[in-house]
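Participant: Could you build all of it, start to finish, from the sequences and the hints given here?
From first to last, the protein sequence lines stand for chains A, P and W. Reading the first sequence from the start, the letters are residues 1 to 340 in my numbering. Reading the second sequence from the start, the letters are residues 1 to 169 in my numbering. Reading the third sequence from the start, the letters are residues 1 to 477 in my numbering.
Some hints could be false.
A few chain W residues facing chain P, derived, Cβ under 8 Å [stated by the list, open to error]:
id, residue
1, 21
2, 74
3, 106
4, 118
5, 128
6, 130
7, 148
8, 171
9, 296
Distance condition first, Cα-Cα at most 27 Å in a straight line; then the derived DSSO-like pairs of lysine-lysine [claimed, not checked]:
id, chain 1, residue 1, chain 2, residue 2
10, W, 35, P, 164
11, W, 100, A, 321
12, W, 100, W, 35
Treat the hints as calculated values from the structure; they're not laboratory data. Glycine included, every Cβ here is placed at the ideal spot set by N, Cα and C.
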Amino acid sequence: MIDDIVHFFEPYIYLIVGGVKAIIIAVALTAVVPGLVWLERRLMGRFQVRLGPNRVGPFGLGQPISDSIKLLFKESIIQSSADKFLFHLAPAIVVFTAILSFAVIPITQPFEIFGQTIGPWIANIDSGILFIFAISGMGIYGKVIAGLSSNSKYSLMGGLRSSAQMISYELTLGIAALSIIVMTGSLNLVDMVKSQEAVPFILVQPLAFLLFFIAGVAETNRAPFDLPEAEQELVAGFHTEYTGMKFAMFFMGEYINMVTMSSLVTLLFLGGWNTYILPQNALTGFLAFAFKVLFLLCFFIWLRSTFPRIRYDRLMTFGWKFLLPIAIFNLLLTSALKVL
Amino acid sequence: MELLIFYPIGTLCVFLALGVVLNKSPIGSAMCLIGMMLGLAAVFAIQHAHFIAILQVIIYAGAIMVLFMFVIMLLNLKGDDTVWKTREGNTLLTGLGAVLVVGILYKMTEITGGGEFDSPTPIQETFGTTVKVGTTLFTDFVLPFEVASILLLAAMIGAVVLAKSKMDD
Amino acid sequence: MEHIPSPTVDLVSLAPVLVLSVFAMMVLLVDLYVKRDKTLVIFISLVGLLMTAISAFAKFDLPVHSFNDSYVVDELSVFFIMIFTLSSALAILLSIDYNKREGIRMGEYYSLILLCTVGMILLASSTDMIMIFLGIEIVSICLYVLAGIRRSDPKSNEAALKYFLLGAFATGFLLYGMTLVYGATGTTKLGLIAELIREEQIASKPLMLMGIVLLIIGFGFKVASVPFHMWAPDVYHGAPTPVTAFMAVGPKAAAFAAFFRVFAEAMPVLSPSWESLLCIVAVLSMFIGNVGAIMQTNIKRLLAYSSVSHVGYILIAVIAKNSLGSSSLVFYMLAYAFMIFGAFGIVILIGRKENEMLEIADYSGLAYKHPLMAISMSVFLLSLGGMPPLAGFVAKFYIFSAAIKEGFVTLVVLAVLNSVISFYYYLKVIVYMYMKEPEGEFQISLAPMTVFVVVIAMVGTAGLGIFPDPILYFTQH
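Facilitator: Quick look at the structure:
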């Protein structure tokens, strides 16, 4: 009887496993967001020599939970001049693309469970890194549509800045990643991690790492590149008109993107799940990966509290006239060395 | 299985393409176009051409359409013309157009009815992989690949010539 | 990681393209360092065109197929490269004084002309539909910009925008046609298509037939044949005059070369399905072009409509699809280049800074004031009409004899009839020049380079008409 059932489901096992993995990853990502908010506020408090949230629960750990409850129950206000459909669509796109792009990220090495080899990723596709670029490119639309549909000048400016910034820095991001692709000869993220078993690429490609990281910060619209939501100039940029949970969804998208970007940097440059010193298995692999990602996230927050926001034209000049040429030069150098 | 996915996506693509033309506002048209591009990417993905599907998303939906949106936003700053300005309907022209469309459709069905369509041949597993696309691009189609750079150079020069703000040199 | 086998690259056969691309980029770079005086830039462009013409002979033992059959060097392409370099050089020579007068001071102008020529060479020498598409796009994009290069002139802007929008639309048709043909045959190489469609099964495929129709629409737009000619008068009128002359010759010749390769060389088996369609297009082009030209009062629009009718004549060479057709095609394009550049040279000479003198009425009494110019203009116009013993006559004669050899007698009769109609409006201009009193003063400054072009065109028009044998010999062997 049970054998029959198992037999019946055999061809579909990959679907079931994939679905379970997808749910786990999506839930985990959403759950990580409040933690990150807490971390950011606590760390920012430290950096600015103040306490940060400390009232609700131990170390203020209850703060993000009470915040999310508050946001959930807030009234959702849509001004009458807004385009209703697009206004609702925008935050959904932001969160959806943010979660989707995590689908190809391998969080540790493959392991065996119940006789099945399980890859700790939802999909290990041939061109994983391109997939991430493609989906995060879709994420721009969330911001653009938010800016357009709000029918407010601050939102529009925010959306404009956001799209311009992401187009500009995506080039540098892509070209910096290309030098890694040239090194490994594969677009597959798992292959990339595997080829770093001996030494992480940050030591081989320090310049590419730097470029990728800077462009990554810009792609996630984090300070000092948070022009699209510059509070002092644009109120809150593209999400000026959003309230309640829809407003929170933009934040979720931003934080998940931060996690994705940190994971990507980890995979490309820091050796992914390779522990290097500890014994290598699935669990230590995951811990190593998580540690590296967490470190990078702290680095993101550190950057935010250290650097002032740069001016908009400087941002563009920096991207097009400084980062991009260096990235191209680095790529040429890498390719030349690879051929020789 | 593949057809089960293909038909809904194909239908959706057709409707979105119609939406591009029939939509009242530029933003709506652009959104429909983005949706159609994504649908096309899905069609590529069904054909085992993952690499091409992703390129489709990156290049068309990701890069080109963002520029479209960008332009719409720049032009839209006044906010008073969110709707296409269309020509007033001309009954005679509409009638003639309808006759033309019907005629073309009739002729097309006549031609297609007479001929034989091949049943689709199964695609090889390697069809749209990165390796296959790269190999084709750098062996069989190396000349078009390189010539495309001349095309881009010409387009770039042209854009600069037309958009340059100062004419003093 | 697998290693990709290195492709077969034959750079020597690509020599003209490479040389001209390098020169186009050099022009761009040199333009950075020269200020207002563009003499050096012009000189480099002309040297580049000369070198290109020389490098076209780099290959012996023609035809040479290279790059997996996507590029070919044969007599047709070599001869077309001669026409392209000649017409581009003439266009640049015409521009020297015109640009000074009209204040077009951009060095990119010359670079765009050279890149456009690169596109034409690729277009005339490719035997792969992807290459043909890329060639057409290079040519078109350069032309869109060149048509609108006078940015402060609304007419020029209008021309560029119209050309761009309609051109992009037509490119869509062309590409769709290519896609359908690819869908039917599974290849984009013309050589393979020619082999495949010998099989009855593919030849009758509906995809193939629809693809052919769409290809005709796409090419028809690019060569400005009726019913896709609507852009021609406006664009020819609005574009700067040297650019008008340029786009009337080179790009059209290139598109015809591709037209010939796709239809006459790759799909002669399918001719029953495209022949009648092209015949209709040709006849319509001749009639509507000529009737349209009769009603024009503007010389540039008149020449635009006349070029539409000439497209009709040239299409006959494609329909004939024999070796005489291809050689008459190149001969016609060469003769046409001389006539058009001559006529537009005169148009430029007569214009002045504030008033371009483009109305036909402006030509009243030109013969009394400047008899030499009136005579040359008459020669060019009569040659366009097909008066013996000028080049236009010989060119038409060869096209018609190619068609008669294949039995298209009705078509030829209609074409001859049209030649007669066309004399009406060519003679109208001549009547104005010789039989009307001058209306205003002519203020003609004989700019040396423009005069030089007119002289070259004159020699060419008369020479090709009186001694066609050497060139004909060259085209046929």
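Participant: Provide an ascending list of the numbers of those earlier hints which the structure does not satisfy.
Facilitator: Violated: hints 2, 8, 9 and 11.
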